[in-house]
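With the sequences and hints as input, model every part of the structure.
Residue numbers (full-length UniProt numbering), protein chains in the order written: chain A, 1 to 272; chain B, 1 to 272.
Just to be clear, a hint being listed does not mean it is correct.
Chain A stretches covered by chain B per the calculated footprint, using a threshold of three residues with CB under 8 Å from any CB of chain B [claimed, not checked]:
#1 97 to 110
#2 180 to 192
Away from chain A, derived, C-beta distances all over 10 Å, residues of chain B [stated by the list, open to error]:
#3 SER87
#4 GLU219
#5 TYR245
#6 LYS259
#7 PHE269
Simulated from the structure, these hints should not be mistaken for lab results. Even glycine gets a Cβ: it sits at the ideal position worked out from N, Cα and C.
2 protein chains.
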Amino acid sequence: MKRSERLVGMTNFFLENPRKLFSLPYFVKTYDAAKSSISEDIDIIDDMFRKMGIGHLDTVSGASGGVYYTPDYSEKNSNEAIEEMISILEDEKRVLPGGYVYMSDLLGDPKYVRLIGKIFASAFQDVPIDYIVTVATKGIPLAYAVAEVLNVPVVIIRRDPKVTEGSTVSINYVSGSSRKIQTMVLAKRSIQEGSNVLIVDDFMKAGGTIQGMTSLMQEFNVTVSGIGVLAEAEDEDEDRKIEDYVSLLKFVEVDERTKHIQVKKGNYFNSK
Amino acid sequence: MKRSERLVGMTNFFLENPRKLFSLPYFVKTYDAAKSSISEDIDIIDDMFRKMGIGHLDTVSGASGGVYYTPDYSEKNSNEAIEEMISILEDEKRVLPGGYVYMSDLLGDPKYVRLIGKIFASAFQDVPIDYIVTVATKGIPLAYAVAEVLNVPVVIIRRDPKVTEGSTVSINYVSGSSRKIQTMVLAKRSIQEGSNVLIVDDFMKAGGTIQGMTSLMQEFNVTVSGIGVLAEAEDEDEDRKIEDYVSLLKFVEVDERTKHIQVKKGNYFNSK
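Okay, here's the thing in structure tokens:
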């Protein structure tokens, strides 16, 4: 096979299989090419991925070595994506009764969901993660978008048990902002003891839901190695229950009367 | 930029932007190359995408012309993917009390979810689709996987209204198998009148849930141009409410006592 064809094939292959090691002989066989040619292909792809700001190829030498694609969405790409989302969200038509902001359309657009996934995956790329954990409903697409890039499975906590889940573990917790008692349920067989998980959700105010998920993870003897929320809201009148998290957006002001919405970049961008 | 680099960049670009037309001058400018070179690049990528069974590039001539990527997951690829899923599902440990089958792990694996999305997108590639519609919870990852390939937004019907959705339309319907009255809710602003939608869900028995979604779509003056379910179950004792749908898997037998599960390919593969 010609180099030009191999480059198309291998680019697709790496994008489809992030963070997974493949030996050079695998590519030699698949594309019927010399090892030296494959090595050159890898250099070209690595170079171009870096230029595009979508990550890089890492080579491991030795008998059990090979190459793997590490997605890493560049600072420039991340900033552009989040600024575009902010300009979409700061539309006064989004203000709902009660001072909420309508964002279902943004969360329904695969383009933005994937961008969010890429940014979170880059934020947590050096943390050990075996599963992405979220709670139904709105966090689900975000969780899959991150999972796709980190190449790990998703586990969905439910609000109500379902017969198609088998036996479950459930906890009750107090929602931070509404002070109501709520329930979370997770199928026993859905997660392995001793794993590391990344919690992903769409929104955090006082942090009660995230704290509930953290407590449920303790029941499974699982370590929460990271917490990512798309948007956080200022929460003046109480102390936040969760301190260590990554946010991409921050709602600074939502005025129901004037319809004014002010959104800033979240804490992920503080150091950038 | 060199051809080798352009091929990596353009391959990534087409994969990220399916079914969207881009003019040749766009690529000429982005990659700083002659139009004839870009045309050759497109031929190479088109050729390799066809060889890999992941679709093809279509060229539109004329002033408003350009090129777009049509994902089309080949019969061979689709068959291999679905056969792998069948062998995973036919594991006796999956039988749950009540004769249900545990499939949350399969639906939690981004690899399989994306494969399912690719197959559905190919099945419905010639149908007009403005939105993918599903109902919480298990259909959500499948809906996004299809939406990603077809490059359209996702709309999620909920079981309960939420304050962050604004005003909603709701319907009550009778679940086919349990005969219980259930509710579906959808935010008014989530979908445009006169649109065409593809309904996607994980499982169908009598079809009551799908029928409920269809009724709700009528309230929005929206046309249901297709229905895709990952798995259907034989439903002996009643007439199915939905006739025209595409299924990828069919549960032929689930025996709670012997733990025997038999899964066949769904009707999508009948003609293949």
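To see whether the hints hold, each was checked on the structure:
| no. | hint | verdict |
| --- | --- | --- |
| 1 | 97 to 110 | holds (count 11) |
| 2 | 180 to 192 | holds (count 3) |
| 3 | SER87 | holds, 18 Å |
| 4 | GLU219 | holds, 17 Å |
| 5 | TYR245 | holds, 20 Å |
| 6 | LYS259 | holds, 13 Å |
| 7 | PHE269 | holds, 23 Å |
Figure legend: structure checked against the earlier numbered hints; every hint is met.
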